[in-house]
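Those protein sequence lines, which keep their order, are chains A and B. Residue numbers for the first sequence follow this note's numbering, so the first one is 2 and each next one is one higher. Residue numbers for the second sequence follow this note's numbering, so the first one is 8 and each next one is one higher.
It should be emphasised that the hints constitute simulated quantities derived from the structure, not laboratory data. All clues given are correct.
DEER-style ranges, computed between Cβ atoms:
1) A:Pro-41 - B:Thr-117: 16 to 22 angstroms
2) A:Lys-69 - B:Ser-87: 40 to 46 angstroms
3) A:Lys-43 - B:Thr-117: 15 to 21 angstroms
4) B:Ile-19 - A:Ser-21: 38 to 44 angstroms
5) B:Val-61 - A:Tyr-52: 21 to 27 angstroms
6) A:Ser-29 - B:Asp-103: 16 to 22 angstroms
7) B:Asn-91 - A:Thr-6: 22 to 28 angstroms
8) A:Asn-23 - B:Ser-74: 35 to 41 angstroms
9) B:Glu-69 - A:Thr-27: 22 to 28 angstroms
10) B:Thr-20 - A:Lys-109: 38 to 44 angstroms
11) B:Thr-93 - A:Asp-40: 19 to 25 angstroms
EDC-like, lysine to aspartate or glutamate: derived pairs with alpha carbons at most 16 angstroms apart:
12) A:Lys-97 - B:Asp-66
13) A:Lys-43 - B:Asp-45
14) A:Lys-70 - A:Glu-2
Ideal placement from N, C-alpha and C gives every residue a C-beta, glycine not left out.
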Amino acid sequence: EDQVTQSPEALRLQEGESSSLNCSYTVSGLRGLFWYRQDPGKGPEFLFTLYSAGEEKEKERLKATLTKKESFLHITAPKPEDSATYLCAVQAPTGKLIFGQGTTLQVKP
Amino acid sequence: EAQVTQNPRYLITVTGKKLTVTCSQNMNHEYMSWYRQDPGLGLRQIYYSMNVEVTDKGDVPEGYKVSRKEKRNFPLILESPSPNQTSLYFCASSLDRGGEQYFGPGTRLTVT
Numbered sequence: 002e003d004q005v006t007q008s009p010e011a012l013r014l015q016e017g018e019s020s021s022l023n024c025s026y027t028v029s030g031l032r033g034l035f036w037y038r039q040d041p042g043k044g045p046e047f048l049f050t051l052y053s054a055g056e057e058k059e060k061e062r063l064k065a066t067l068t069k070k071e072s073f074l075h076i077t078a079p080k081p082e083d084s085a086t087y088l089c090a091v092q093a094p095t096g097k098l099i100f101g102q103g104t105t106l107q108v109k110p
Numbered sequence: 008e009a010q011v012t013q014n015p016r017y018l019i020t021v022t023g024k025k026l027t028v029t030c031s032q033n034m035n036h037e038y039m040s041w042y043r044q045d046p047g048l049g050l051r052q053i054y055y056s057m058n059v060e061v062t063d064k065g066d067v068p069e070g071y072k073v074s075r076k077e078k079r080n081f082p083l084i085l086e087s088p089s090p091n092q093t094s095l096y097f098c099a100s101s102l103d104r105g106g107e108q109y110f111g112p113g114t115r116l117t118v119t
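Build out the structure end to end from the sequences listed, making use of the hints.
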């Protein structure tokens, strides 16, 4: 069964304290792995797409990496405005998209 | 402005009263999708469509219907809503099935 698991469920960091979020997945024939950011009461906002193992993408303080079984979202020197829920999703060959439950990040000043 | 719009944003209804939530995108996207988001369960895909007249079931299609008669519109229909369909619903679209999805603002539905 296709499945996506994110850890931890919640993460509290001090401003400037770097860390990583994990997304592990099982899917036959991965078509793509996506990271989204969601602020309370809003729709998810796209961050990255990764297609193959070894691929990396960066945007400001965020860096996403992909292996054959998991992806990491590294947050370097986070700021309070990085506080949000981060969602990982994988796309199966059929086109179906499976989301993880998300990691809620809180960055304290 | 490129966007996905949903209407209504908030809806309170009673069990069994048919309702439709509209979704429209102005980006000429081929792929459109509906999700529901519930505390502790995350985002779950209800239905998706890879093009006009092509729709497929996601993980939780029971109790929902969709249609894709035009490229820009993808309405979600609840023929006989029940309280377990109380949720936050999101519509999304992408250029194709492997692309980044643009999400609408969400529709908060309460069924009493």
